[in-house]
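Student: Sequence:
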Amino acid sequence: MTDETQPVAPETPRQPNNKARDDSSELSPKELAEARQYGHLSLKSNLMDKGLDFLYLFLMATLFARPINQWLSGSAILDRCDSLRLVALFLILTLLHALVSLPLSFKADYLLEHQFGLSNLTLGGWAVRYLKRLALATAFGAAIVLGLYWIIWTTGSWWWLVAAAAFFLVSVILGQLMPVVILPLFYKIERLDAPELADRFGRLSRDTGLSIEGVYRIALSEETVKANAMLAGLGRTRRVLLGDTLLDKFSPDEIEVIFAHEVGHHVFNHIYKLIGAGLLFTAVGFWLSDRALADWVEHAQGVFRYAQLPVFALPMLLLILAAFGAVVGPLQNAVSRHFERQCDRYALERTGKRAAFVAAFRKLARLNKDNPDPHWLEVALFRSHPPIGERVALAKKTKSP
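Position one of the sequence shown corresponds to residue 4 (my numbering), numbered consecutively onward.
Heads up, a few of these hints could be off.
Said to hold, decoys possible - Straight-line Cα separation of at most 25 Å, BS3-like style, residue types lysine-lysine; simulated pairs:
1) K252 / K191
2) K356 / K402
3) K135 / K229
4) K135 / K53
It should be emphasised that the hints constitute simulated quantities derived from the structure, not laboratory data.
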């Protein structure tokens, strides 16, 4: 959500800022214009990034993957072992993509964020984070690709169902590891020592069945001035993570309604519903990939056999899956927005603090430079959360208890 985590001397835990600067008013015309400009440029960068990804995979699938595979086969070891050649091809695809997309990534993630005063990273800090993310994604991606091909090679025409089940298990494992292994690679995380907030959180969690390992402070400010909070983990690793900017700049009442929103995700079983929906989408995506990939390979080399799926088919498989993801993305976002609205209503009903809810989301809009009222098409296609303007309007319509 940054530099490598280094051992540091423990700091004296800070209590939430009860006298935070009043950022709860509506955005001024200047702030609104800036938020809209930032949103427009971010959307433009996102679209360019997606377009570049599709173009890259298309060119690799249709022009370059087969020659690269033949070149790799020139090595006696790689020629004898399809698995090693598959990993080698994946590494080449990943590193070339990193080089091609680096200028756009630098512009979107570093220059744009600094242009609007949203980043706290130095150039060196950004580079370290970028390389760390690239290394983690490459290692994880290589394992996933190798596992997926192994399933196709060994299970035949039912590979799509077996692979969907395997990805379900992987998503559960990653859900458990995210707050205790993956996030600490990028952020300093420490248990929150704030008795007043602990009492509030205890009251909100009572009678909900929510079992969390703890509430933690995550040092997002190492990377950004934006504020955020999340419910992360599964089972014994489930915990609430509150960004340090949120804790420092929001009042206890505002933090309480945000925590109540996160409790809502548990009450409505959103994490498990999203995992289940992910299983369904993955199964459908793999099944469609099976049909399309079989036709493409047969056209490319005259015959298709699951046990002999060629290594050079990898970028085409990734392209098909990416296209499917782009098609179902708006549906997944619609489901996510529905869940967020449920949690907003829950937070308002559970706390009864309508004014604090409005103030909290106005602060989020100001700190994050989030356009409160983006175009409806942008919301439908790309937004996983309702616009802040809609969320504030919901709170204003909610009757106080």
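Student: Taking 25 Å as the top limit, are the C-alpha atoms of K135 and K229 close enough?
Tutor: holds (21 Å)
Student: Is the Cα-Cα distance between K135 and K53 25 Å or less?
Tutor: Distance ~22 Å between K135 and K53 Cα, so the pair holds.
Student: Has the given pair, K356 with K402, been kept, meaning a C-alpha gap of at most 25 Å?
Tutor: Roughly 10 Å between the alpha carbons, so the hint for K356 and K402 holds.
Student: With the threshold set at 25 Å, check whether the alpha-carbon distance from K252 to K191 stays at or below it.
Tutor: holds (19 Å)
Comparing the model with each earlier hint shows no violations; every hint is respected.
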